[in-house]
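Let's have the full structure, built from the sequences with the hints guiding it.
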Amino acid sequence: MHADPIGVLTGAHFIDGDHACSEGAIAAGCRFVAGYPITPSTEVVERIADRFPFVGGVFIQMEDEIASSIAIQGAVWGGKKAMTVTSGPGFSLMMEHIGFAAMTETPCVFVDVQRAGPSTGLPTMPAQGDMMQARWGSHGDYQIIAIAPNSPQECFDLTIHAFNLSERYRVPVMMMMDECVGHMIERVVIPEAEKIEVHNRKVYEGPKENYLAFEAGRDLVPTMVKAGDGYKIHVTGLTHDEKGYPNMSVATQAKLVQRLMDKIRLNADDIIKYEEENVEGADIVVVTFGITSRTAIPAIEQARAKGLKVGHLRLIVCWPFPEKRIRELAGRVKAIVMPELNMGQMVYEVERCAAGKCNVVSVPHAGGTVHQPKDILAAIEKSIRGK
Amino acid sequence: MPEELYEIEANIPANPIEEYLRMDRMPHIWCPGCGIGTTVNCFVRALQTSGLDLDKVAVVSGIGCTGRVAGYMNLDSFHTTHGRAIPFATGLKLANPELKVVVYSGDGDLTAIGGNHFIHAARRNMDITVILINNMIYGMTGGQVAPTTPVGATASTTPHGNFEETFNLPFLAESCGAVYVARWTAHHVRHLTKSIKEALAKKGFSFIEILAPCPTLYSRRNKLGDGLDQMEFYRDHSQIKNGADTKSVAIDFQGDIVVGKFVDKERPTYLEAMNNHYQKKYGDRYVPSEEMRKVFHA
Ligand SMILES: Cc1ncc(C[n+]2csc(CCOP(=O)(O)OP(=O)(O)O)c2C)c(N)n1
Ligand code: SF4
Ligand SMILES: [Mg+2]
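Residue numbers (the working numbering), protein chains in the order written: chain X, 1 to 387; chain D, 1001 to 1298.
These aren't lab readings, by the way, just hints derived from the structure by calculation. Don't take every hint at face value.
[Said to hold, decoys possible] To give an idea of the interface, some chain D residues facing chain X are shown, with a C-beta separation under 7 Å as derived from the structure:
#1 Leu1075
#2 Asp1076
#3 Phe1078
#4 Arg1084
#5 Pro1087
#6 Ala1095
#7 Asn1096
#8 Asn1116
#9 Ser1238
#10 Val1263
#11 Lys1265
Quick reminder that beta carbons are idealized off the backbone N, C-alpha and C, glycines included.
So this is what it looks like as structure tokens:
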């Protein structure tokens, strides 16, 4: 499927990442957004509020983020593509509904423009401190997808991708932006609508009797219908059987949770996305994501100028994590260096996958600004000296 | 079980409300004497005569004993999270205005954890019907105090008696802007059925509070007898006062209960206001969704 041309502002624009994210959502076919203002994410909903009356969309500013994060799910079951947008404190309030979306297999997008925390922290300044929360923040076992753009162009492209993945896997997808990427103004090229690929959820159109709303085929993703189609579906956050009916048995729980995990895990190769440079033959690989991928570049260049064999792996999809690739690399490099705008979060994954096969060096930062390239350079140099 | 008794039971003709229920989910979880089932019966009978296309009616519940209503209705039904039925219903209605969206949930769910959503949906005159079962207690979790527990009543978390002021829900709903406000008890099945039918036909935020017995956790702990005793109490202590000033209808512990239709007025609903606003401001430049166009721009 291609994007509906009505929402697509084909051409080159100078806009910030937040606005690019709004345009990506519109191009992806998002027609319902609920949100509550919070810096540095507000521009996303402001642009949506401005644009939606002309593209067939409904925007509502709800009374809080709890309401926003469940209103979007009502809209999805009403047949729309929907997203909500927030930053740290609001993201914390949304956690229960990330679990609800995972449990009820409600495709939707959560945009988190990360700022420094904990708590109110540094409201207008960047961080990448919500990465583990995105993965683990709701209770119980479930899987989500999380994506980290590093430029306004990617805020556009990857928001479309986020919707496509959420529709395909019926899973909540997190756009893990940060204040820098959200507020940075760069050239964003929006292609023609017919060049934008858009995926829609698989819709069931068979007989109404005995429709099993949560029965999955081989891809582990059930087909969907919407309220009003006459299927009289039941959707619950309780453990449920294929029909969607609550079933309080250990066996039903095991089967359901296993499928919710497997539909992402077993499709991880299709979902995972990263970018590599100079990784072949490298002694050291710097692993980054989001804005940190850009602050790492001067450090990597300086290290290479000094004769060090340094490669760069940038995570584009952070969850699911590219376990296989990191395992492989750990087996043949001397060190992996991971700068991130938090006190060390994704580096836990790197350490887990490296499993002692190479030196893993975290370059933490409490947030508020970006890393100094010299600090990353120092970590790169130290990473093999220490060996 | 004796053979003939089994035979007789098997031959009972189907109850006319069965087709509205998910009979494959019976028996339900509600205790003997619980008032929730009675209200569901009234809801179904209201639906039966409402003339609504049942394919276009959706029920949204939160969490609690009342929250289980969604799961028993043979309609598109959503059992959401605790307190959040109203915002879910808001999204559903805005996505597809063709749907009649009914929120059916408990007093704790809708006015404690969900209180913020309740007042804002009423303020917006969101196009939904809210049916609230007030059993004066948190039933599902074992009888804890609720914002609706009368002063002087005992709950598991107010073992020495409740001293917190109680919500007067019709007053709350009216002050926030609800266009239809009524209160009945599970004893008033005919009035209640009629009232639900009216609320379903009403545009905007319609609200019905239904007092219903929770014999297991409220009546027993407060030594008020069983479900039947509670129904007798409703019969003997209710006064029907349609149009009563909602300020005057607060509920005291075992005091008289004012029931009736208190508010029935018109003001633009959220969807009307939104569509009119954009239409007026932008004319043909305004592009409503397809579903919106069907309902508001036909
Ligand atoms: C976020 C959250 N907090 C607490 C609970 C536990 N809980 C479930 S139902 C309920 C109270 C229900 O009371 P009410 O809405 O009055 O419904 P009733 O059972 O009385 O019909 C509570 C506190 C929960 N499920 N979720
Ligand atoms: S606990 Fe109370 S409200 Fe819940 S089913 Fe039993 S009687 Fe009804
Ligand atoms: Mg209750």
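Broken hints, by number:
9, 10, 11
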